[in-house]
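Number of protein chains: 2
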Amino acid sequence: MSTHGNHNGHSNHTPPILLAIAGFDPSCGAGVAADLKTFAAHNCYGIAAITALTVQSTQGVRAVHATPTATLRAQLDALAEDANIAAAKIGMLANRANAATVAEFLDKNKFAHVILDPVSRPTAGDAELLDSAGLKFVRDELLKRATVVTPNIPEAEFLTGLQVRDVPSMKAAGQKLLEMGARAVVVTGGHLEKPTDVLCDPAGVETFGGDHVRSQHTHGSGCTFSSAIAAQLATGQNLRDAVILAKAYVTQAIEKAYQTGKGAGPLNQLFRFHQEPPARGVHEVPQHGMHPAAEPAAH
Amino acid sequence: MSTHGNHNGHSNHTPPILLAIAGFDPSCGAGVAADLKTFAAHNCYGIAAITALTVQSTQGVRAVHATPTATLRAQLDALAEDANIAAAKIGMLANRANAATVAEFLDKNKFAHVILDPVSRPTAGDAELLDSAGLKFVRDELLKRATVVTPNIPEAEFLTGLQVRDVPSMKAAGQKLLEMGARAVVVTGGHLEKPTDVLCDPAGVETFGGDHVRSQHTHGSGCTFSSAIAAQLATGQNLRDAVILAKAYVTQAIEKAYQTGKGAGPLNQLFRFHQEPPARGVHEVPQHGMHPAAEPAAH
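Protein chains in written order, with the numbering used here: chain A, 1 to 299; chain B, 1 to 299.
Do not take every clue at face value.
Because identical chains cannot be distinguished in the list, a pair is counted as satisfied if it fits within a single copy or across any two copies.
No farther apart than 25 Å at their CA atoms in a straight line, the calculated lysine-lysine pairs in the BS3-like style are these [said to hold, decoys possible]:
| # | residue 1 | residue 2 |
| --- | --- | --- |
| 1 | K144 | K262 |
| 2 | K171 | K144 |
| 3 | K262 | K110 |
| 4 | K176 | K256 |
| 5 | K144 | K176 |
| 6 | K108 | K262 |
| 7 | K176 | K194 |
| 8 | K110 | K256 |
| 9 | K171 | K108 |
| 10 | K194 | K144 |
| 11 | K256 | K136 |
Bear in mind the hints are in silico, worked out from the structure with no lab data behind them.
Just chain A, with the same shape it has in the complex (with noise of 0.2 Å):
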């Protein structure tokens, strides 16, 4: 992290810079979107390259635009070779190709945290957000480059081809993932009656409990847990507490969600910042005729 000074005198200070490499959603629920939203709930500035283009609203998945893979590589060198990147997120990759660049990048650019959430289905729709090659590639190849891996119950079902149904076999799922080569995992079981994520590293195995939380309005959620641990990760907290965090933040987001179309609604991941809502929307209204920028100029 590096301080530069602005040309204005003042010298604003850099907040780690983190990058999301994902799919990007329209409706701003999932993806990109709520991974940058994430970051800067977080204080952290967020860069993204993007897999995928994706068609859908509140109401689901429709359709998949791939990246050409010439295209993704491009954007992820251009980034990198510019910006000191903290921490990767890395979520959905449309298909095999693409997942292989994001290998390679990965394997040219070392990153102290890499956060690799093996997106494979959405929850609404029947779209394909990873083909059958790629899901083959990021268990047998992805997965290893990753420093830590946030699979939920059906991911983590695909990636062991273990029956995962309750915290029992959720430690069984992350225990051979272990073995498989991650360097530490955490299944995310928000579906289960008593959501717990079950955080599995060489120190150990540990269960996170959390109260359910009733609302339509999850679009998202798995994206943003693994986004709010890549920047606790980024800002110098241990995993332990990265994952504590992040779970109490999402379960906020959650409870502060609102409505904004007919379906599943996204979690609200900038509730921090919008607790007393201004009049008509407006912090700072400058007096006109007072205001530098209301002055009228020179003619």
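Given the structure of chain A, go ahead and fit chain B onto it with the hints provided.
Below, chain B alone, put in the same frame as chain A:
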């Protein structure tokens, strides 16, 4: 604007929903990322249809991958069928086909506010952000479908064919754009020694001066300005006040900018949220063992 109950029994208010139609800048200084941050800074919820993926960093634009027209149309339709859109902001369009798709979309969906930023070339890099057939389409077709058009000086020159060098010629260009079908025009003069914006609408012509902020971190200032106008209009300001407030906001976002790469950094659109950064980047640190999220689950 409507309020819906959340299933958890709370009823969180839905803010105005604003649609950005623009390109994606991976360095997140300009384009859709700048638009979404600006909407959020004004307590609005942003959604976005991406017209192109650019390859760029703070050092300039290297390449453009235009979104296939069918994908752009599908994104737009999915959003408009799902959300209640208070204002649309249009930025980079990449090519004539995508510009025409946006014109059809505006004909199908009548929005109260349509802010058109007629983006043509980047400040840094020699990539084309809109092809020449697209520029003609914007001039001949899209201009008259907007409620406010926000060209900078080079864009005003292209659209009108006039030479624009100073405030009198900015006024002449603004008047000509009204004659060409625009309903209101703001010619932005951020590159003038004394940055001055000129507002032309049927009520008359007005100029707004401002202080020049000496900073290289102005990447995305045009996107940010037009998105701030969209947010102010959507939250009830009249156009004159929207322009004054947007200009003051952009000035502050430049003053609060920081370096993110080796070149021209982005504005800090979220500066209002970051005035008192907490220790270690975390707002609420739950007490381990006391916060619900940190309680060990039943094993």
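Against the structure, the hints come out as follows:
| no. | hint | verdict |
| --- | --- | --- |
| 1 | K144 to K262 | neither (39 Å within a copy, 31 Å between copies) |
| 2 | K171 to K144 | within (19 Å within a copy, 61 Å between copies) |
| 3 | K262 to K110 | between (42 Å within a copy, 19 Å between copies) |
| 4 | K176 to K256 | neither (36 Å within a copy, 47 Å between copies) |
| 5 | K144 to K176 | within (13 Å within a copy, 61 Å between copies) |
| 6 | K108 to K262 | between (43 Å within a copy, 20 Å between copies) |
| 7 | K176 to K194 | within (23 Å within a copy, 64 Å between copies) |
| 8 | K110 to K256 | neither (36 Å within a copy, 30 Å between copies) |
| 9 | K171 to K108 | neither (33 Å within a copy, 52 Å between copies) |
| 10 | K194 to K144 | neither (30 Å within a copy, 55 Å between copies) |
| 11 | K256 to K136 | neither (37 Å within a copy, 45 Å between copies) |
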